[in-house]
Every structure is written in C-alpha cells, then in structure tokens.
Amino acid sequence: MTSGRLRTGALLAALLLAGCGGREAEAPRAALERQRAELTRYVADHPEAVRERAALARVAMRLGDSVTAEAAVEEAIAAGGAGEVLRPLLARAYAMQGEGDRAIATLDAGPIAPEMLGEAAWVEANVRLDRGDLEGARKAFDLALRERPREAGLWADVARFRAANADARGARQAVDHAIELDAGNGAALALKADLVRDQQGLAPALAWYDRALAADPGNADAWIERAATLGDLGRYREMLASLRRAATLTPGEPRLFYLQAVLAARAGNYRLARSLLQRTRGQLDDEPGFMLVSAIAELQLGGQALAATWAERLVEVQPHNFTVRRLLAAANWADADDEGAAAALAPIVARADADSWSLLLAARVAAEQGDGKGSAAYQDRAARLARGAAAPFTVDDDPLLVAMAAEAAPLDPSKVIPAIAADVMQGNGARALERAARLRDANPGVADAHRLFGDAALAEGRLDLAVAAFRKARNLDAGEGAALRLADALLRSGDSAGAAAAVAALRESDPSSIAADRFAGRLALDRRRWDAAIAAFERVRRRLGDRDAVILRDLAHAWAGKGEAKRALPLAARAYRLQPLNCGIMLLYADLLEAQGDAANAAALRDKAAQAGR
1 MTSGRLRTGA LLAALLLAGC GGREAEAPRA ALERQRAELT RYVADHPEAV RERAALARVA
61 MRLGDSVTAE AAVEEAIAAG GAGEVLRPLL ARAYAMQGEG DRAIATLDAG PIAPEMLGEA
121 AWVEANVRLD RGDLEGARKA FDLALRERPR EAGLWADVAR FRAANADARG ARQAVDHAIE
181 LDAGNGAALA LKADLVRDQQ GLAPALAWYD RALAADPGNA DAWIERAATL GDLGRYREML
241 ASLRRAATLT PGEPRLFYLQ AVLAARAGNY RLARSLLQRT RGQLDDEPGF MLVSAIAELQ
301 LGGQALAATW AERLVEVQPH NFTVRRLLAA ANWADADDEG AAAALAPIVA RADADSWSLL
361 LAARVAAEQG DGKGSAAYQD RAARLARGAA APFTVDDDPL LVAMAAEAAP LDPSKVIPAI
421 AADVMQGNGA RALERAARLR DANPGVADAH RLFGDAALAE GRLDLAVAAF RKARNLDAGE
481 GAALRLADAL LRSGDSAGAA AAVAALRESD PSSIAADRFA GRLALDRRRW DAAIAAFERV
541 RRRLGDRDAV ILRDLAHAWA GKGEAKRALP LAARAYRLQP LNCGIMLLYA DLLEAQGDAA
601 NAAALRDKAA QAGR
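Per UniProt numbering, the sequence shown starts with residue 1, numbered consecutively.
Hints may be right or wrong, so weigh each one.
[Claimed, not checked] Simulated crosslink set (EDC-like; lysine to aspartate or glutamate; CA at most 16 Å straight-line):
| # | residue 1 | residue 2 |
| --- | --- | --- |
| 1 | 472 | 198 |
| 2 | 608 | 591 |
| 3 | 415 | 448 |
| 4 | 415 | 434 |
These are computed hints drawn from the structure, not numbers from a lab.
Note that this is a predicted model, so its numbers are computed, not measured.
Please build the complete structure, drawing on both the sequences and the hints.
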C-alpha cells in the first residue's frame, strides 16, 4: 500500500507541475472550458480517478472556479491521492476564496512532497501578501522562485508583491519576465497594463488591457480596469461597453455599480449615482473612492449631513488628503456646522501654501463665528496669494526630536521625510539632500524616493539635480506628482519648451488632469499664445464651473490678450465677485473697465488695489 501511494504521489506531482506552466497556460479560455467539461464527465463515471480529478482542479483554478477546484482536490484525496502532493493545491483553492487562514492551516497539516514545495510557498506568499505581511511574503516568494524559477504566474505574483512595496522598477522587471515566459498569460498582461497605467499614463495602458483580454476574454478584473481607464480618458461610451462585458462575467460585482456611479456623477446625474452606489450593498463602503463619490453625490443632492459623514470617514483614512478636507468643510458649512467646517480647514489654512478657496471659506466661517479679525486675515492671505509652485515641505514637531528619530532610522521614510522638511526650513539644505540621497539610493525603483530628492534639491536651489530626479521619478510613475514637478523645475531653469513638453506628455497620458491643463494654460499665457491658453483654461472651467477665481482671471487675461475685451470683461467681473480683495484681479478688471469707457470705476478699483497691496 505504501509503495502504491508513493507512486500515485509521484504521478500526481508530475501532472500538477506540468499543469502550472507551459502549454496549458497558453490555452485559450474556450479550450480550458472544454477540458473542464471533459474531465467533469470522466470523473463522474470513474470515482477512483485521482489524476483526472487533480487535473480538473488545476483547470478550474485557471478559470477562476475555486469551488470546483476545492471539490475536485478533496475527491482526489478521498480516492487515495497523496495528501503531501495534493494539499498545496487544496490550499490554493481556499486562498482563491479569501480563506487565507484555512489555506495556511492546510499547508501546515502535514509534510509537503519535495516537488510541491514551490507550489506551497507560492500559496503562502500570496496569502501573506493579501494580509499585508510583506516580510513574510518576501521569504515565501524567495523560496517559491528557487523551486520554480520559470513559472510565469509566479513571476506575475512577484510583480504584484513588488508593486505593493512601491518598487515600480522591480515590479516592471518581474512582469516583463512573466510575459517572456508565457506571452499568453492573461493575468501577467493585465498586471502589465496596471503598471503601464501608473508609469506611462492612461492611454498607453489600453493596448496592454486589450492584449490581456485577447489572451483571456473571461478576465472580468481586466474588463473592469479597462473600463476605469477609459472613464478617466473621457471615453465614456467605450467605458460602458467594457462594464457591460464585465457584467456578463460577474453579474452583481459591486465595482461595476461603483464605476457606473462615477460615470453618472461626472455627467451630473447625482440621483442615478446615488442609486447605483446603494446597489453595492455596503461591500465597498470602506473604499476611499466609494466614500468620495458618495460624499459628492449626497452634497449635490442636498444631503449635507450625510455628505459630511462620508467625508469624515474618508478624512479618518486619509487625514492629509486636502481635497477631501475641502469637501468636508463645504458639507459642514452647507449644514450650518461652522465648527466642523473650521476643523476640516484647519490643517490646510495652517500651511503657508494654502489655496485661495480654502482661505476664503475659512474667512466666511470666521466671520460667522464673530471673529472679524481672523476673517480679515484669511481674506488678506487669499488676496496676496503668491503665484507659483507651492513649497513642498512643512513640519510641525520639534526639529531636534525629528532629527534624532531620523538618525535612529535613516531608511525609514516616516522618520526621514519630516527630518528633511526640518532641515530645509532651518536652511540646512545640504543635510536635507544627504538624507534624501540615502533614501533614494536604498530605493532606486521607487518613484517617491526620487521625487523627495528632487524636492530637496529644488529647495536648495539645485535645479540641475531637481530636473534629473524628477525625470527619473516621471519615468517610474507618469502621474501628476512627478510630471508637474518636472515641468516646474524645467520652467525655473529657463527651459519653457521642455516644461511645455512635460505637461503635453502628461495631458496625452491623462487627458482628465486638471492640474496639467492649469499648468499648460499658464505656460501659454506667459508665452502669449492666447488660443492655447484659452483652450486649456476652458477645459478646466468646464470641469470646475465658475467657482475658481484664478482660472476666471487667467481666462479673462487670455481673451484680453487676444483683443477680445468684451469676452474678457464678464469673466473678470465674476472673478472679482469671488475674490474682491485679489489685487491681480482688481487691476485686470480695472483695465478692462477702462477699455470699455468706465474710467471712474476703473480708477476706484486701482485705488482699492493699492490700499490692499500695502
């Protein structure tokens, strides 16, 4: 009996190992479906079939059917299959169902056959990664790779692990290797699309999603991510088509309702957005994006208290997300909660680089609370808001304590970043650069490490170092953060053409970027390219409405520069009503009034601007 069991185990191991890579990984979904049907029929007629049940489990897993896989493995064990060979496969089925504890317990229930150690380590690595145990996942992945170095699916999961560690370069290398091993691996291609979206932008990612879906049309996650990407690109009709395709594969998937709600909110149909959000039945309530859309929809529908509740929950998760704080402040203000509005705005207006909208709302809140002096101070700050990039560094704690914490943990970003901020604020730019360089060198594949070094170099006036650092960051992550920093550094160094190219690249990869349009508009305005400036500012205006005084001012400036004073005047007037103490707006408005023959009001505005500027 013992020798027969060992022979069965060896045969199963050979079968399972063959099924993890190679030809089966390249089989189209239809072929896998046929295999599953044939194996299901066979095992129904042959209760003693062990190998075929194991093969059925493997095929079912490739199709994402972990329930069938679980049943097939359990039946294979009951039919006499070797537990030391089959338990890792059973553990994978449990892990696919989100039962990580059960998966680990299954692996620990007895010895694992030597030829299945790689499979077991792979399962353990994924469970630990899903739990957030990155160090445990690293060790398990290292063992899995030693055992199975040519497994495409394993390399794809390693890429996912490295991405979770913010190692963009390492993730890219791992997923590229997975695709080299198996060009038809749909999961690897879909992950490649996700990484390309982060590194190069939205548009380049679409081709990879298409490749992933050509390899595996049944990949619902890829259809959903493709839909989200199309939505961010403003291609809403195609987005809906992708969502409908995903719905045929996973009907009732909450992300489908969420993405449709985002689409409805962008179209201004907040009632439909709310209805779609409610259809998720609470399954996404803890997701930041869901909380944000819920808060926006409720605020637009007059549910200020509920909007504030959603925004408060999101602020707890993302306390430094100032966009959410502004939303919370607006909801509290609309609900007559002055104290709540002031508390939401406090961390924003405490900064030297606070935006004018937050300062003006803080002024209104202070006035309602009877703090006339504080209200005037906020209004004055809004009026005097300097044009240009905001300072990236602030620090609230004692600089000496911050420095000591960084010295004790020189590679811990949570300790080093405040120390860099303190060094910059104290004028010790060389020390800040040294700290940032050490962190960057330890994390060469992490975009944030290069961004931080660039920020420190910019604060020290080292434009050459800043430009080089921001280029490296942008090459790792094509998002707004690195691209706009690069454009700003290039502009400061006198390369306006380079700055324009950097912003154009951002707009091409992410056409929905309001920040890119703002920057592009300012560049065009400075270069007296009126039509380009008007086009950029109008794109922002269509997204934000007539609530941004700076955009209205700059748009008025562009129309005036083009010789269209009649079109510029109402824009300047609206900007003035929003920020009546903004000197730049007052002077532009005065010039336009005078051009229309209203010299008296123009003179009055210039006098007011002179008094405000003192």
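Please flag the earlier hints that this structure goes against, numbers listed from lowest up. none
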